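Q: Turn these sequences into a full structure, and let the hints steer you where they fit.
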Amino acid sequence: MNDRFHYDALVDDALRSVVRRVLTQVAEKGLPGSHHFYISFRSTDPGVVLPDYLRAKYPEEMTIVLQHQYWDLILGPNHFEVTVSFNKQQERIRVPFAALSAFVDPSVRFGLQFDRKDKGGEKAEAPAAPPAALPPAEKRPPLAAPAASEAKPEAGSEQATEAKPEDAASKVVKLDSFRKK
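Sequence positions in the sequence shown follow UniProt numbering and run 1 to 181.
Derived from the structure by calculation, the hints contain no laboratory data. Fair warning: this is a prediction, and the values are worked out from it, not measured in the lab. All C-beta atoms, glycine included, are put in the ideal place defined by N, C-alpha and C. Don't take every hint at face value.
Just the calculated beta-carbon pair ranges, DEER-fashion [unchecked claim]:
(1) Asp3 to Ser107: 40 to 48 Å
(2) Gly33 to Arg4: 38 to 46 Å
(3) Asn87 to Asp115: 30 to 38 Å
(4) Gly30 to Asp52: 28 to 36 Å
A: Set out below in structure tokens:
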């Protein structure tokens, strides 16, 4: 059993399910308003079905546009199929969701990019060493409160501008400080 979560893969799967749901709605009801999609996928991934001339023209990655000239969009549990027009010639393609590399809806400035670390013969990064386990709470030393004699420097003083590296690392920044008022 693997002893860690692969959050990057979990997030990619969740984002692919967004694409699946959007394409399911399009297959059932058509494209609403000015929505249209650029869908990029790795043409060499298992399960990708393309005519040979398209695979030769796009040996690594291909992008299709679903806007005006697409027909018969069908969704499977792990893939979609669609007929698209290439140089006035209709071609049926099949793309597994695992082969997706990007999904963009420029009409609403929305885009997803999918990560795959083992693509193109590159090896996935070696897993990082697991973090050391903390001792049980009863064996941990108590957290020391700051001594009353440690006065905080005033803003603008020379002492305030010369923060120690450990002070900077332990500083907590509130997200509210970045929000517009």
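Q: Each hint should be assessed against the structure and marked as holding or not.
A: Consistency of the hints with the structure:
Between Asp3 and Ser107 the C-beta distance comes to about 44 Å, which sits within the given range of 40 to 48 Å. In this structure, Gly33 and Arg4 meet the distance hint of 38 to 46 Å, their C-beta atoms being roughly 43 Å apart. In this structure the hint that Asn87 and Asp115 lie 30 to 38 Å apart at CB holds, the actual value being about 32 Å. Between Gly30 and Asp52 the beta carbon distance is about 31 Å. The supplied range of 28 to 36 Å therefore holds.
In summary, this structure violates none of the numbered hints.
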